[in-house]
Amino acid sequence: MPRRPPRRRLFAAFALLLVAGGAAGAACWWPSRTPQLHRPAGWPAPVYDIQRNPPTAAGFALGRKLFYDPRLSQDGSIACASCHQQFAAFAHFDHRVSHGLHGANGTRNAPGLFNLAWQPDFMWDGAVAHLELQPLAPLTNPVEMGETLPAVLARLRADPDYPRLFARAFGPGGDEGPIDSQRFLRALTQFLVTMISDDSRYDRYRAGRATFSDAETRGLAAFRTHCSACHVEPLFTDYRYRRNGLRGDDAGRAAISGNAADRGRFRVPSLRNVALTAPYMHDGRFDTLEQVLAHYRSGVPDALRDEPLLREATSVGAAEAEDIIAFLQTLTDERFVHDRRFSEAASR
Amino acid sequence: MTAALRRRRVRAVAIAATGAASLLLAACHGGDASGLPLRVEISHRVGTQPLQLGETEYTLDDGDALRIDRLRYYLSNFRLRRHDRSWSAAARSDSDARGYVLVDEAQPASRSFEVAGFAPGEYEGVEFLIGVDAARNSAGAQTGALDPALGMFWTWNSGYIFLKLEGRSPQATTPGQRVSWHVGGSPNARTVYLPLPRPLRLAPDIVSTVHLHADVAAALLAGEPLRVAGHEALMDPAGGAAIADRYATAFRVDHVHHEPRR
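Those protein sequences? They're chains S and F, same order as listed.
Under my numbering, the residue at position 337 of the first sequence is numbered 341, and the numbers go up by one with no gaps.
Under my numbering, the residue at position 111 of the second sequence is numbered 519, and the numbers go up by one with no gaps.
The reader is advised that the hints may include incorrect statements.
What the hints assert, rightly or not - Over the 12 Å line for every Cβ pair with chain S, so calculated as not near, a few chain F residues: (1) Q460; (2) L558; (3) P578; (4) R586.
As the list claims (entries may be wrong) - Okay, the calculated bits of chain S under chain F, using three or more residues with CB under 8 Å as the criterion: (5) 123-135; (6) 142-150; (7) 153-161; (8) 173-186.
It should be emphasised that the hints constitute simulated quantities derived from the structure, not laboratory data.
A virtual CB, placed ideally from N, CA and C, is assigned to each residue, including glycine.
If we strip away everything but chain F, and leave its shape as in the complex, we get (with noise of 0.2 Å):
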């Protein structure tokens, strides 16, 4: 082999290793990496008051009351609408959880979180996934968010709980008064399409963000109330149904707001 022919393999190897790595790397952002991302923040609500987890008896409309310990939640497929009603959708991937959030009560900095990806723009809506995809919802061991250790996936009936609403109520007949609704099952996902009180624009200068309520007393008290009597403990995909149907009500846009990119 002439030193020549040697130095031009050698170059052609470095070729093939440097696009397979790039190939590589490409395969692992997935989604729209250059996208901008949208700030999300959420408050949540037990009608007019603030939900403070713990020791605050919250009295419903229905007459029942509630302590609520334990508030955690799966929001996933966030995607924001144009005027002329196309779509920006958020960056996914198969190799990592980036675009599914895991909100808990009990840990603020989860309350207010980016998800990544969007084209600039001026947007008219959001939409979002209360709950993980049926194609995520049984996809293998996963990370990050998904991860099963973080105490949000059935192992009995795999896949992961969207919703756990735990607390303690007089009406519960169970012991300690104890109230756990955990939510399941991939047809009690449910999608969230709010409009926006005034437009959203997205740009690489600017910080933008959709400031969320979520009303724990709307949810509950939706259509027929939801009584605690007799629905103590809803821990099966069938039970999490009348949840399911309540939680997409729960949602509503606070206000958006713009701040210069520092």
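Okay, chain S solo, but in the shape it has when bound (with noise of 0.2 Å):
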């Protein structure tokens, strides 16, 4: 090979340097097609292993196509996103409880999903202990998609597009071929577990990017005063299981631990979002924010006994209450509720 003269050479390492300088920069500059689990600053370290898991740009985009799709279901009517939509940050809009397989009720609330890499445990009685088994509570639960795993892989197997999708993802496979529970679970997780929702107002206040008006700031101070010792900044949530003073038949955690005294015990959820994951509580007994408040100020003399950290929230007075709402909004993430990577859009 005939020797090339040393400028020609630098040049060309030049140009090299140029090219691979600029795709460097531009992974930086622009966002990532496919999102991963960053740690927000100032926030704890994640409880989902991403290392067993790592989200890559076929895994995410498989997981989404999952996410989005009805054939998940028994009759090919209900998505996961049916009762998770974006624009209510993966709430059920509008509804107590959601609607499953034909027009079958549940008995709670569907709630927002975000930040679920931080979550320990799952559902508002603490049901399910691992993010990448979550998705089989709803996928078999006959109110909800009523469908069992080995039926859901028989059918994706038989699909003309989903075991290309699965092998690009996860690679070709053993005896079973590219579609198995373990690959089927650890996609929709890609997606999941990537949800972040850090860019409210209120994280930009706390940056220093945004100011809060006297209102949202009194709130904030309210807040702090009187909620934040269950909804724990920055997540809004000690993920424990408290009794609030609603009554009802629901066993709530004592269904799952088997203790008669986590009777009427749910997770406490994140706020995060609130202003848009309406209706509130458990079973979505309230509509407002304004009905939680007065709740919480009055309606909650039997659980004190067990909760003595609901005595703070007694004690919010009427114009607090108005401040703390006002505060509530500014955890409102529009950036995560418009982010296109999550649409249904970006799955067909």
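Two independent chains are provided; combine them into the complex using the hints.
Written out as structure tokens, the structure reads:
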């Protein structure tokens, strides 16, 4: 091979450097097409071990397609997204409880989906202890998607597209081919685990990039006095199971723990995006944040004995309640609910 | 870059890649890949008779009668005990389900299996867990014997069903006189230790087998008998505790045998 003159080689090296640098710069400058699990400043470490299932472009896109695909349900009518709508921060807008197959109603309100990598267990009663296993609960519940895991896998294997998409995400696979239950659940997890809501006005205010009105500032202070013992910043929940004075027949946490003392306890939900996730509480009984605040101000005398932290909530004044509601609006993350990477349009 | 330097770099990359690949392989293997396998064979019985699924109606000593349609359960965490009371444990891996066995009376092959990874030597007892240990019971989506698609997984109270015993009984007041006993929940996994009737030897040139008998009647009659009436459907961790306390008594070692490995 003839040796190239040194100057040409220098030029080639320089050009290469430019291209590489440009690519690296672009990667930093543009939001990645595939969201990754990042740890926002000041947040604790996620509990989901991302090393076992690192999101890839193909795996994330497959998880998104599955999330929006009603063929996962027994009669092809209900997708995950049917009850988890992006504009409602993946809660079910305007539904106290959701309707599944054949119009059957559930008994609990569909929660918003975000920051799931930080959540140690799932459902209002903590029935599911691992994010990868969570999709099995609605998938197999007869009043939700009413399907079995083997039937879903058989349907995906017979589909013209899915085998190729699974192979692209996870490789050709063994005797069973590219589709198995672990890959199915891990693809869904790659989509779910990267749904991070960390760019509300509250977050930007904390970072010095936004200002609060007087009411919002007073609301944050009142929130920290009366609410944040359970709705702990920055995730706005302590992920514990607590009683909040609501009367009803639902056994709550006791159905899972088998401990009678857990009767009527439910998981403390995050308040991020709370202005978008009405109706409220485990059974969706309140339509507005005003009703929720009114409940805490006056409706919890029975629960105080078991849940002394509620005493702070009962001492919220009328003006403070208005300020707290003004503050709660700042927890809405417009970028998250409009992020096209999580949208149904992107899933097609 | 000189050709020599380039060659050296290529070599360095190749060495690094080989190293990474072998590390990865080692990580995938886990446990003691060089260990020896133990053969386990299981016969299910009802009292003195072999268990037959379906139409055979067994009358238990407490007067209850039972037809058994399905018997499936997990065994895991096998260990062998030496005469000096030290242990050799079966190989395990975080990346697959080796060491976890789903026994299904309807699948004869599942009642005769190998558990790998034991040290050579002589042993006086065998221990195993009926069920799945707490760590693996909530460890995310898994494969092989622990694939949740096998129907041994609770989705509403997440975790493995350790044992499914389903059948029919004239004493049952349910539609179709159905009896469904599903046991799960980490506290209901039971460790069983069984002394061996004669020493078990593990060596590369022999196939060593422990033959277990599991007696459904013994399990149901242990302690205060579990009556069918009022217990037709036990399908949550609290209800399953009654079964779990009893199924640990169902197993005994019938015999061990050694054959030359061919």
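Here's how the hints hold up against the structure:
no.	hint	verdict
1	Q460	holds, 27 Å
2	L558	violated, 9 Å
3	P578	holds, 29 Å
4	R586	holds, 18 Å
5	123-135	holds (count 5)
6	142-150	holds (count 3)
7	153-161	holds (count 3)
8	173-186	holds (count 3)
Of the numbered hints given earlier, the model fails hint 2 alone.
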